[in-house]
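Taken in sequence, the protein lines are chains A, B and C. The first sequence maps to residues 1 to 276 in this note's numbering. The second sequence maps to residues 1 to 982 in this note's numbering. The third sequence maps to residues 1 to 167 in this note's numbering.
These are calculated hints, taken from the structure and not from any lab test. All of these numbers come straight from a predicted model, not from anything done at the bench. Please note that the accuracy of each hint is not assured.
[Claimed, not checked] Computed spacing ranges between beta-carbons, pair by pair: (1) Ala8/B x Arg9/C: 46 to 56 Å; (2) Ser13/A x Ala124/C: 24 to 34 Å; (3) Gly67/A x Ala124/C: 48 to 58 Å; (4) Gly164/C x Gly67/A: 26 to 36 Å; (5) Pro23/B x Ala92/C: 52 to 62 Å; (6) Ala92/C x Pro678/B: 37 to 47 Å; (7) Ala124/C x Arg43/B: 52 to 62 Å.
[Said to hold, decoys possible] Listing some non-contacts, in silico: residues in chain A with all C-beta distances to chain B over 12 Å: (8) Lys2; (9) Ala203; (10) Ile249; (11) Asp258; (12) Arg262.
[What the hints assert, rightly or not] A short, non-exhaustive set of chain B residues, derived as facing chain C with CB atoms under 7 Å: (13) Glu183; (14) Ala194; (15) Gly234; (16) Trp604; (17) Pro615; (18) Gly683; (19) Gly687; (20) Thr721; (21) Pro726; (22) Leu796; (23) Val797; (24) Phe818; (25) Pro821; (26) Phe946.
Built from N, CA and C at the ideal position, the CB exists for glycine as well.
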Amino acid sequence: MKPRPFDYVRADSVAEVLELLARHGEGARILAGGQSLMAMMNLRLVQPEVLIDISRIAELGEIRIVGDMLEVGATVTQARLEAWPKLEEVAPFIARAIPWVGHFQTRNRGTVCGSIAHADPSSELPLSLALLEGEVVLRSCRGERCLKAPEFQTGMLTTAREADEMITAVRFPIGVGRKGAAFREVARRHGDFAIVGIGAVVAGDGNIRLGVGGVSDRPRTITLPRADESDLQDRIERFAWELGGYDDIHASARYRRDILRRLAPRVIQEALQCNG
Amino acid sequence: MRRLEDAALLTGAGRYADDLPAPAGTLHAAIVRSPEAHARIVRIDATRALAVPGVHRVITGAEIQAISDPFLIVLKEPIDQWSLAVDRVRYVGEAVAIVLADDRYTAEDGAELVEVEYERLPAVVDPHKAIQPDAPILHERAGTNEVSSRRFVYGDPETAFALAERTVRITVDYPRSSYTPMECFVVVAEYRRASDSYDVFANFQGPFSAHPVMAKSLRVPGSKLRLRTPADSGGSFGIKLSVFPYIVLMSLASRLCGRPVNWVEDRLEHLVAANSGPNRTTTVEAAVTADGRIQALRFDNLEDYGAYLRAPMPGPLYRMQGAVTGAYDIKHVELINRVVLTNKMPAALVRGFGGPQLYLAIERLVQRIAVELDLDPLDVIRRNLIPADSFPYRTPAGALYDSGDYAKAIDKAVGEGRLEDLKRRRDEARAAGKLYGIGFATVVEPGMSNMGYLSTLVPNHVRERVGPKNGAVSMVTVNVDPVGSVSVTADVTVQGQGHQTVIAQVVAEELGLDPRDISVNLEMDTQKDQWSIAAGTYSCRFSPGTAVAAHLAAKRIREKVGRIAAKQLNVRPEEIEFAGGRVFARSNPDNGMPFARAAGTAHWSPVLLPEDDEPGLRETGIWSPPQLDPPSSKDEINTSLTYGFVFDMCGVEIDPVTMEVRVDRYISMHDAGRLLNPLIAEGQIHGAFVQGLASALYEEFVYDDAGAFLSGTFADYLVPTACEVPPIEILHIETPSPFTPLGAKGLAEGNCMSTPVCIANAIADALSIRDVPLPATPDRLNAIMSGEEPAPPPDLVEAAPEPRAAAGGQALRGRGEFQVPAPPAEVWRLLLDPENLRRVIPGCHKVEIVGENVYRAEVSLGVGPVRGRFTAHVRLSDLKTERFARLSGSLTGPLGSSEGAGDVTLEPSGDGTRIRYEYAITLAGKVAAVGSRMIERAAGMVIGQFFERLVTAVGPADAGETRPGLLQRIVGMLRRLAGGGQ
Amino acid sequence: MQRVGQNERVPVTITLNGRQVTALATSRTLLSDFLRQAVGATGTHVGCEHGVCGCCTVMIDGVAGRSCLALAVQVDGCRIDTVEGLAGEGGALNALQRAFQANHALQCGFCTPGILMSFTDLLARNPSPTEQEVREVLGGHICRCTGYAGIVAAVLQAAAEMRGEAA
């Protein structure tokens, strides 16, 4: 289990990265924390020609508030965001979800942007991005663009990032979930990829946003009117069938739908109860 | 006492197999493994691999076959296995070729480039299917997959069943799993041409009965296979027996390339091919009285050993033979033992070795007796226990249980409010609407196997012809050097049980020394050390065997040093005491000398020795207990020397939302005779408990029906972590064994046997179910408990995914239909046009026509960053012009392979064509083993893309712009089929 | 920008347990292999090479991480702490190591170095972890021998001792 040969480049600036990406395109991969990428390279599932190490680019290492958004730079580790003192106030949902990302040891090195770039449909951070309606900042020699979560993650491990683009940051709207946020995850073991991850936040208008990971090819969300709880279970039932689910060795599609049916109402209740 | 091993292990100073420097010029090996479950090897082409700078040699089965013999097996059946596959592969992961290079990285580069062409054969994974007349045969010369079948009758079960007031029957399936040591296999092998011998260093653990098997395969006498083992080993649990085929492989590789060869197994290799416990289906039936007294048992065992029967298989089926009645006083037994081969990795040693399988059957049966007769399960257990006054107790199948007081052990375990507490927890939980159950399990835990047990496998007349096999020889040597310092070598390998500490304790106690002053070297060297056929660390033989031999050797040293000292101190030898590093007269402790001086006399001053004593000071203790007789003419066999007792009880709560099982409280009572080191004993119990928990709830080697291996990483093969493990309460009583001088019994395997069934019984109680699937995953329990799923909303029926069994299910299937804006004739033309296929097949580089309607294509496929280049073979058949085509074929590449077939139906519809398709795909190789979670959906996506592009191809060039609605709808539908959604 | 071509071998310098060492690596040499094979620090073990088992955990610039998921060239100039650096003068075991011995928190010892490094990190950040916090950090490791009970007890005992409370 050793990676294939590749050229390694440690970039000192974003400009260098963009130039390398423009030159190598699909053959290049960005290495930040490496917690997903290196495992796949050791398995020889991923085989970059050029590996661009961005971990020492200082300008990518910031957690900051930009307008009404929380911006997390591309080299910020999950552990750093988890330990960021303002997290609970600024992004209470992320504060609930981030301890579920991998393990202590992988959060120490794994980055927030890296997890979102990897686009695993069961991961907690892509789910957070979708649920909170965050966005991804992509830069290339051609310029910068921002994609909303559903535009960014288009499928299983698949995103709208062009080959010459890098993620420089992700942004989450500030304060979403202050009126209530809850997250629950079902996995075979602590720290495993979720079989089902369910998040709920109470939106400003009092409606509930529900986000589900692990059931579809990417995190999916639905807005449920708070006022009308009578048909909540019906809406969730319909949502479960829309997502469909899939079978793997850990759980069947049926199990995934059942978890969604049973757990979603509880997560919604939890979100409502922690409201004020 | 604290362990002597710890200081090195806690500071990074351990000396594990891969820590030692390899000899100069060593080449590093990587193994090319089969992605196929069952296939003929058509061709192996190493040209591209050999072109990699740093790759020196690629070795295949034919070269191995020419210079070695197949491994000896226990049966006479012609089930030949070499250390590399010859002509055929029979399981995913089977070694097909070996690449030797300057370093492991380069060797892996080479291994990826070895091209192996396979012709796929039908595979059989399910043992029940494998014994059907129409099943594919794995070993044609054997003519059957059911390679052994024997029926045993002890007592008069027929009469007992005829007279039975009630009968109770249950069928249980014990799954495939292993205990995956954290350190994988390591071999360094060097062929010495001058002496035509092999010098091998490997983290092999024994039993050393495998040594003659290796030597025979290498075509050398045993003395010319020098096997050395390292000072430290990163766990074994039985698994490191299975390094032996690789010892032979690397030895042969060294001979062929003329240089030393080093191979370090990686985790992927370990999970796919190292070792598994056998899976077993048992139907067991009891003849019982109305009050639950068991009169007789009938077992039908079908045990699945995978693709080959490696020695000493089928050990698990026979290791418990004598103890098949467990802790119960049952006089009559009928037993059918059947051995079946399937296209899975070969089974071998795993801690517990037949015990977990046996007790799952017996103890589930006891629980069922209680349920069906409306009795308290603990009453049923107590009513049937072997009474304390009947030890030594001879079981009907021939075991001689040495000692025990089972009722007392159970009374103590349930006492002090423990059982009441469990019941209170259960009642409170149930009152609150929760799912809670209590389970019990009793286990008789064998220690130190009789080397003759496996000969029960063959009928008595065969045994009479080949002569008896029995006993279990243990050997330890104590050496005292000229300055009186003591070193010990023994016939066990290291793997973490603290053997050095216990041996040092035993020897030090005898010689009046401090254990820290005893150097215990457990690096085995088959050319220099004492060892016999039973050597190695397995079957809990250490405490009842090796520790005894250490005691005997130390006693001899004590007696000799005592005689030497007595002569010099002018007292009788019986007067001599050993303590505090001195030897002295008991009546006058001042009349003494240092141990070192007395011992040194044997080296420095033979003239001072008593008349009958030889000079020098080195003694070997050899011990083979007399109770280990060969099987009787009636197949009665005392399978082990000691028989400990375990009683477990637990409460589990099952989350009604997730169906996750949580062990709420667990109590484990052990009687392992005299405990040599309580700290180490408790450590063994904790470890075995978690392995038992793993078998009950988490770990399983999963294969699909076509034989693809699906649990190839530690993200798929789920070893419990600290977050999944509940605390347990360990209790002991001690009834010393009368058959071992130290009174000790084995205890390291008990919870591997008791815990899976104890938890299963608690689950059965919690859910009121009869059949508890193991591992009892939330998905499986949900499937049992949730009933029929409500139908999808009518408008979503189309999009609902095809149901498919979650584990070991059939092929990935899909279907769909859509409309294209072109007449059937045009669609048909495009489907048959290679140039168009190139454009339509996702990632296609080129398409060649190989024959009529047979194509070969080069494609790059993947999902997200996971991409690989594949060769596709596609055949179009059953053609009905403009109406129907069947596409079948395969994809092969370094990431694995896939086979599939699909039917495409065309129908005119409006001004276009209605296309319907259905497909089924199977995946094999790496993608299946490590990426089934993502790759299966990727396969669906690729098929989706194919049809998406087909639509584009038949539509106007700007179809995407002029008809976004149509395209989007189709893409969305395809994505949903692929498991996704829009 | 620093570039290491796929056929190059370049010197990589790390501060290993407080001492600077330099050895050659290729672009793809994993840190775990670099430590074991190039530097000879074999106390760090390799158990799965896909980041799950935790055997290879070391401290990289003060935080615990998997050395199988890092490249040697990536940590050039970094501080790496491994199990070999834990004991004090003359090999005296530190509080965590002593607690492991006292609580029988190891059997085969193969997973132990990685576990010690994780808790060296945790206890530096959180001197008073709860049992649940200890279990969650330990959840990033697989141990097949001990059943974890002794490890949890050892970490809690070491934490208490390091806080100056009676062990």
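Status of the hints after comparison with the structure:
1. Ala8/B x Arg9/C: 46 to 56 Å: Since Ala8/B and Arg9/C have Cβ atoms about 32 Å apart, the given range 46 to 56 Å is violated.
2. Ser13/A x Ala124/C: 24 to 34 Å: holds, 32 Å
3. Gly67/A x Ala124/C: 48 to 58 Å: The hint (48 to 58 Å, Cβ to Cβ) is violated, given that Gly67/A and Ala124/C are roughly 36 Å apart.
4. Gly164/C x Gly67/A: 26 to 36 Å: Between Gly164/C and Gly67/A, where Cβ atoms are some 48 Å apart, the hint is violated.
5. Pro23/B x Ala92/C: 52 to 62 Å: violated, 35 Å
6. Ala92/C x Pro678/B: 37 to 47 Å: Between Ala92/C and Pro678/B, where Cβ atoms are some 27 Å apart, the hint is violated.
7. Ala124/C x Arg43/B: 52 to 62 Å: holds, 58 Å
8. Lys2: Lys2/A not clear of chain B: closest Cβ-Cβ about 4 Å, inside 12 Å.
9. Ala203: Non-interface label on Ala203/A holds, nearest chain B Cβ at 22 Å vs cutoff 12 Å.
10. Ile249: Violated: least Cβ distance 5 Å, not greater than 12 Å.
11. Asp258: Check fails; 6 Å does not lie beyond 12 Å.
12. Arg262: violated, 5 Å
13. Glu183: At 5 Å from the nearest chain C Cβ, Glu183/B passes the 7 Å test, so the hint holds.
14. Ala194: violated, 30 Å
15. Gly234: This interface hint holds because 3 Å falls under the 7 Å limit.
16. Trp604: violated, 34 Å
17. Pro615: Result: violated, 38 Å to nearest chain C Cβ.
18. Gly683: Since chain C brings a Cβ to about 5 Å from Gly683/B, closer than 7 Å, the hint holds.
19. Gly687: Where the cut-off is 7 Å and the nearest Cβ of chain C is about 5 Å from Gly687/B, the hint holds.
20. Thr721: holds, 4 Å
21. Pro726: Violated: closest Cβ of chain C sits about 10 Å from Pro726/B, beyond 7 Å.
22. Leu796: Where the cut-off is 7 Å and the nearest Cβ of chain C is about 37 Å from Leu796/B, the hint is violated.
23. Val797: Given a least distance of 39 Å, the restraint on Val797/B is violated.
24. Phe818: Violated, because the Cβ-Cβ distance from Phe818/B to chain C comes to roughly 39 Å (cut-off 7 Å).
25. Pro821: Since the shortest Cβ distance to chain C is 47 Å, the answer is violated.
26. Phe946: This hint is violated: Phe946/B lies away from chain C, its Cβ roughly 31 Å from the closest one there, beyond 7 Å.
Hint compliance for this structure: hints 1, 3, 4, 5, 6, 8, 10, 11, 12, 14, 16, 17, 21, 22, 23, 24, 25, 26 are broken, all remaining hints hold.
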